[in-house]
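Go ahead and model the full structure; you've got the sequences and the hints to work with.
There are 2 protein chains.
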Amino acid sequence: MTIITQGGINNDLRKRVLGIILGLPPFMVFIVLSPWTLMGVFMCLSFLSLQEYWKMIDPERSPIPLWLTLYIVVLVYFPLWNAYPILQRVLWYGFFLSLMLWSMNDLTKVLQRSGAYLWGSLYCVFFPSFWVRVGVEYSRWTLLFFALLVWTNDIMAYLIGKKWGYHKIVPSLSPQKSWEGFWGGFVATVICSLVLGCLWMRFSPMKSLASGLLLAPLAFIGDLFESALKRQAGIKDSGKFLPGHGGLLDRFDAFFAVGPLVYLLNHL
Amino acid sequence: MTIITQGGINNDLRKRVLGIILGLPPFMVFIVLSPWTLMGVFMCLSFLSLQEYWKMIDPERSPIPLWLTLYIVVLVYFPLWNAYPILQRVLWYGFFLSLMLWSMNDLTKVLQRSGAYLWGSLYCVFFPSFWVRVGVEYSRWTLLFFALLVWTNDIMAYLIGKKWGYHKIVPSLSPQKSWEGFWGGFVATVICSLVLGCLWMRFSPMKSLASGLLLAPLAFIGDLFESALKRQAGIKDSGKFLPGHGGLLDRFDAFFAVGPLVYLLNHL
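First to last, the sequence lines map onto chains A and B. Residue numbering for the first sequence follows numbering that gives the first Met the number 0, beginning at 0 and increasing consecutively. Residue numbering for the second sequence follows numbering that gives the first Met the number 0, beginning at 0 and increasing consecutively.
Hints listed in this document are in silico derivations from the structure and should not be mistaken for laboratory results. Don't take each hint at face value.
[Said to hold, decoys possible] Here chain A is said to cover these stretches of chain B; the calculated rule only asks that three of the stretch's residues, wherever they fall, bring their Cβ under 8 Å from a Cβ of chain A: (1) 34-46; (2) 97-103; (3) 109-118; (4) 256-265.
[Unchecked claim] Here are the computed lysine-lysine pairs in the DSSO-like style, where the Cα-Cα straight-line distance is at most 27 Å: (5) A:K108 x B:K54; (6) A:K161 x A:K108; (7) A:K108 x B:K167; (8) B:K54 x A:K167; (9) B:K167 x B:K108; (10) A:K108 x B:K162; (11) B:K108 x A:K54.
Quantities reported herein were computed from a predicted structural model and do not represent experimental measurements. Glycine included, each C-beta is placed from N, C-alpha and C at the ideal position.
This is the structure in structure tokens:
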């Protein structure tokens, strides 16, 4: 089994590394350049991820999810809403009502549409919007610091899990995740947050430590939940997206999930 | 068919009327008495409805939904949170994370638990909390006016639907709902809102008219969605709650759904 997939692993690793090398520099430039490019890059990320998520769950072609995605992305990110709280509330209520109406269109898919779409909106749009808030309300370098922690956790968990990962956490859901990988990522994140937090960010040792300690497990929970939701909602055609579903959402899974945490850590 | 269920209809009608006569006066007294009794009565309503909703969807006995219900009711209603926005945000994030963790406990029920529970929280706790806001921020008599509109719509739609309802709207989902009943309730609500709004509330004719015009269709959509969600989520044991499921939630279905609308109407 290991021998058969060895090539696959190396290939996967190569793709991952290539993705990071090609994707990271422009992403970081957009984040640091200005609040507007920061917001733009996150709006695109949210839009594409939610579309991707939705195509996995409901492969039926319909323009409604596209419009709903546009609607929720603009509603969550557009900063001018804060000046019009009532308009914002009307639009939120409108979003819920639209979701209700659309999901009732097909009575066999009510829960799948309304429930899975609502979670998708939370996960792909609402949670990552807190990253933008961190960048706008604090500093875009703080945002980068936390992003580095998430990526450290991601990459180290992957590498250590590949090398020494024998004890699977949830084999039925995510066969790649092992306890060894989780703890490897956890320890690497804590070290990274302590060193960078104290030396670069000038955080107190307490805050630096808390960042690492909380970030790794929450990233893990969010990541896992996403997989579980996708897996269960698309239960009828799970074969379709299981082999190599290395989309945008899978790269940003953990990143999205910890958005509110990063925001809250900066507040405390 | 009509002959066989005739007794059932009369029985049902008698129960409805009895429920209103027995339940309405104490409910109205609690609403008008003080902001605290108003909040207390709505917290109880939300708590009991969400528990009822959940027992229909997942009859498995577990203490977790009970704790989550308590958590979300206190989180949404407790007015002191407004003074501690960060604590409120931490608790919201905690709610989402708890919901994720709990639903992943059983991988065959991830969407059912996370999606249906999230909608249940929105529907039974978040939406009705706007009624309390109307009572606290405006006046408790305004709240009563809108409540009367919802009940007028409910009762007239029921009575007219029973008498002349031949054209079913969604026979597969809610066999009792007919177009005749819907329009009967709609017209009654608009008349009621125009008369009471202008004479009692001293609203402008425009606002009075808008209240009636918007309230009836939105109550209908919310009501229907709730049925659809319950029906689909409990698809395996739909037989269990279909015969005479006249619980608390079914009496307050439409009432809950229009909470945000009533709040927004007062703002505009």
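> What are the numbers of the hints that this structure violates, sorted from low to high?
Replying inline: 1, 6, 8, 9, 10
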